[in-house]
Amino acid sequence: MMSALSRSDFPLLAASPRLVYLDSAATTQKPRAVLDAIRDFYESDNANPHRGAYALSVRATQRYHDARARVAKFLGVSDTDCLIFTRGTTESLNLVAASWGRANVRAGDEIVVTGAEHHANFVPWQQLAIETGARFRICELTADGAIDLDRLRAMLGSKTKVVAFAHVSNVLGTIAPVREIVELAHGVGAIAVCDGAQAAPHLTVRFDASGVDFFAASGHKMLGPMGIGVLAGRRALLDAMPPFLTGGDMIEFVEDEHSTWNRLPHKFEAGTPNAAGAVGLAAAVGVLERVGMDAVRAHELALVGAAYRRLAAIDGVRIYGPGPEDRSGVLSFNVGDVHPHDLATILDSHHVCIRAGHHCAQPLMRRLGVSATARASFYVYNDDADIDALVNGVMAAREMFSRVGA
Amino acid sequence: MSAPDDRNRAPNAPDAQQANVAALYQELILDHYRRPRNRGKLESPDVALRKKNPLCGDVIDLQVQFDGDTVRDVRFTGEGCAISQAAASMLTQRLKGKSSADAAQILDRFTRMVHGEEGAADESLGDLRALSGVSRLPVRHPCALLASDALAEALASRR
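Residue numbers (the working numbering), protein chains in the order written: chain A, 1 to 406; chain B, 1 to 159.
Be aware that one or more of the hints could be misleading.
[Claimed, not checked] Far from chain A by the CB rule (all over 10 Å, computed), these chain B residues: (1) Asp15; (2) Gln18; (3) Glu27; (4) Pro36; (5) Asn38; (6) Cys56; (7) Arg72; (8) Arg75; (9) Gly97.
[Said to hold, decoys possible] Sample of chain A residues facing chain B (criterion: CB under 8 Å; computed from the structure): (10) Arg18; (11) Thr345; (12) Ser371; (13) Ala372; (14) Ala385; (15) Met400.
[Said to hold, decoys possible] Incomplete in silico selection of chain A near chain B, CB under 10 Å: (16) Glu140; (17) Val338; (18) His341; (19) Ala344; (20) Ser349; (21) Ala356; (22) His358; (23) Met365; (24) Leu368; (25) Asp386; (26) Arg403.
Everything labelled a hint here was simulated from the structure, so no lab data went into it.
From a predicted model like this one, the values you see are computed outputs, not experimental measurements.
Ideal Cβ placement from N, Cα and C applies to all residues, glycine included.
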């Protein structure tokens with residue numbers, strides 16, 4: 001199939017016609033529209049938002065405000081003030097664990113995550129449990145790497161305060177049953193925290209309708225710049241939470257002995273905001289809206305299906321996780337006894353970029369019984385020629401290693 | 001849409017990096033990966049240590065037995081890529097029977113070769129010179145140096 005967006009829309013890909021970029025789950029390439037929007041902000045409207053009583057600062061404030069409204073709409077957040085800009089998913093999840101967690105989790109409470117979590121949705125909760133004396137529990141996955149709802153149901157109870165889960169696994173591409181997980185969590189009075197880093201770029205996200213209490217995502221995985229991300233939260237929860245970082249912009253009045261906090265969203269945005277990043281993310285959202293998230297999903301399904309079938313047909317290739325129809329555009333695999341790092345080096349010499357290693361998900365690697373996998377991930381600029389190059393590279397690596405018998 | 005492009009165009013000749021990588025994964029290296037020498041554990045090692053590469057998760061458990069100032073025996077276990085495993089296999093082979101000073105010198109030369117220092121690889125490295133192509137793959141330097149760093153630490157601990 002053809003790509004959903006042309007390589008010529010992406011300056012880096014246009015400048016490197018031989019490059020096969022299959023690491024979008026780590027970070028995506030940036031379309032010209034995003035780069036132009038960032039440049040335009042700095043060239044036309046750059047000033048510190050919320051500070052100056054002059055027209056330029058008002059324009060900067062307006063651009064930042066418009067970016068928030070646009071991203072909130074894209075993620076189905078109707079209460080725009082509840083869309084907080086952060087540095088990315090990691091900061092968003094740390095914000096929830098630190099601010100909501102310390103205020104609401106006590107010794108003896110339970111925090112539940114799944115065995116598929118990326119470190120960003122694992123370590124903050126693990127550390128919160130250590131700090132508070134709460135019990136940190138991991139819900140094991142089914143044999144094909146899906147969330148085991150029966151097991152989850154059995155684990156939850158009156159002590160459960162948080163259920164944190166990835167909407168889409170960054171290793172297996174498994175898509176979590178969000179609605180069912182939220183119902184289970186709310187059924188025992190726990191909050192549901194959704195790591196949407198691999199969902200927002202690839203699926204239609206409707207935060208309000210999903211029922212999740214907090215949703216985190218990163219701009220750079222969805223065509224936007226690095227260093228900007230979001231946290232969407234329920235107003236009642238956000239209002240009741242203490243600040244995460246303190247300093248400028250997030251205060252109302254600062255007395256010598258105490259301070260009061262600004263209203264949402266500013267309460268959680270201490271310091272000068274990454275306004276240019278927000279403007280760039282809004283432009284990225286614009287690009288995705290023009291393509292349409294249904295078209296993005298259909299394109300990835302076609303690519304991952306073709307890649308799955310062709311890789312699975314190669315002798316010695318093992319693919320982890322569910323079948324191609326149930327996954328996002330991510331494929332983790334191994335090729336015989338070719339170590340993923342060697343495979344990545346050989347593929348790189350064929351201009352094919354894949355990820356090799358533990359994908360910041362060591363707990364999941366342990367559960368898969370491997371120390372590392374190779375991972376190819378697809379996005380709007382990939383097409384059949386990329387899959388051809390991946391398959392050819394894998395065959396070349398296999399060939400190279402087959403010269404010496406085991 | 002993207003027109004037929006350069007991505008699957010067979011080059012007239014493999015480019016330099018492709019040739020370098022093909023040369024690196026030569027039979028000697030793959031043989032050491034598939035049949036590592038000195039893999040296992042010693043009954044009573046004088047030094048035992050573990051080294052990790054947190055970036056990729058590679059681990060080596062190294063054990064060394066000395067006979068006075070001489071490296072009498074070396075064993076390793078661990079998991080890793082062809083480069084790290086072959087390096088461990090070849091280095092342990094190379095160091096056995098050497099004095100501590102000679103062994104340290106070999107490790108120093110090997111490290112400098114991996115870092116791409118001109119003229120670092122001499123005959124004292126023997127088969128280890130097969131790994132010289134790693135110098136042009138900076139992300140793989142830690143793989144090549146994991147065993148070497150562990151061995152250097154083991155030697156240093158005896159001083």
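Verification of the hints:
Once the 10 Å rule is applied to beta carbons, aspartate 15 of chain B is inconsistent with being away from chain A; the minimum gap is 8 Å. Listed as outside the interface, glutamine 18 of chain B is inconsistent with that label: its C-beta sits roughly 4 Å from the nearest C-beta of chain A, within the 10 Å cut-off. At the 10 Å boundary, the C-beta of glutamate 27 of chain B falls inside the reach of chain A, the nearest C-beta of that chain being 5 Å off. At roughly 12 Å from the closest C-beta of chain A, the C-beta of proline 36 of chain B stays outside 10 Å, upholding its exclusion from the interface.
Every CB of chain A is more than 10 Å from the CB of asparagine 38 of chain B (nearest about 18 Å), matching its label as outside the interface. Cysteine 56 of chain B, annotated as away from the interface, has a beta carbon of chain A within 10 Å; the closest lies near 5 Å. For arginine 72 of chain B, the non-interface assignment is confirmed: its Cβ lies about 30 Å from the closest Cβ of chain A, beyond the 10 Å cut-off. A cut-off of 10 Å between C-beta atoms confirms that arginine 75 of chain B is not in contact with chain A; the least separation is 20 Å.
The claim that glycine 97 of chain B lies off the interface holds: its Cβ sits roughly 27 Å from the closest Cβ of chain A, which is beyond the 10 Å cut-off. Hint on arginine 18 of chain A holds. Least Cβ distance to chain B is approximately 5 Å, under the 8 Å limit. Satisfaction of the interface hint for threonine 345 of chain A is found here, the shortest Cβ-Cβ separation to chain B being roughly 6 Å, below the 8 Å cut-off. Interface restraint check for serine 371 of chain A: the shortest CB-CB distance to chain B comes to about 5 Å, inside 8 Å, so the restraint holds.
About 6 Å separates the beta-carbon of alanine 372 of chain A from the nearest beta-carbon of chain B, less than 8 Å, and the hint is met. The interface hint given for alanine 385 of chain A is met, as the beta carbon of that residue sits about 5 Å from the closest beta carbon of chain B, less than 8 Å. Annotation: methionine 400 of chain A was flagged as interfacial toward chain B, and the flag holds, the nearest CB pair being 5 Å apart, inside 8 Å. Taken as an interface hint, glutamate 140 of chain A does not check out: its beta carbon lies about 21 Å from the nearest beta carbon of chain B, beyond 10 Å.
Here the hint on valine 338 of chain A is kept, as its CB sits about 8 Å from the closest CB of chain B, short of 10 Å. Of the supplied interface hints, the one on histidine 341 of chain A holds, with its beta-carbon coming within about 4 Å of a beta-carbon of chain B, less than 10 Å. Taking 10 Å as the C-beta contact cut-off toward chain B, the hint placing alanine 344 of chain A at the interface holds, the least distance being around 9 Å. Interface hint status for serine 349 of chain A: upheld, as the beta-carbon distance to the closest one in chain B is roughly 4 Å, under 10 Å.
This hint holds: alanine 356 of chain A has a C-beta 8 Å from the nearest C-beta of chain B, less than the 10 Å allowed. The closest approach between the C-beta of histidine 358 of chain A and any C-beta of chain B is roughly 5 Å, which is under the 10 Å cut-off, so the hint is satisfied. Taken as an interface hint, methionine 365 of chain A checks out: its beta carbon lies about 8 Å from the nearest beta carbon of chain B, inside 10 Å. With a cut of 10 Å, the hint placing leucine 368 of chain A at the interface with chain B is violated, because the nearest CB-to-CB distance is about 13 Å.
Here the hint on aspartate 386 of chain A is kept, as its CB sits about 7 Å from the closest CB of chain B, short of 10 Å. Nearest Cβ of chain B to the Cβ of arginine 403 of chain A: about 6 Å, under the 10 Å cut. The hint holds.
Comparing the model with each earlier hint shows violations of hints 1, 2, 3, 6, 16, 24; every other hint is respected.
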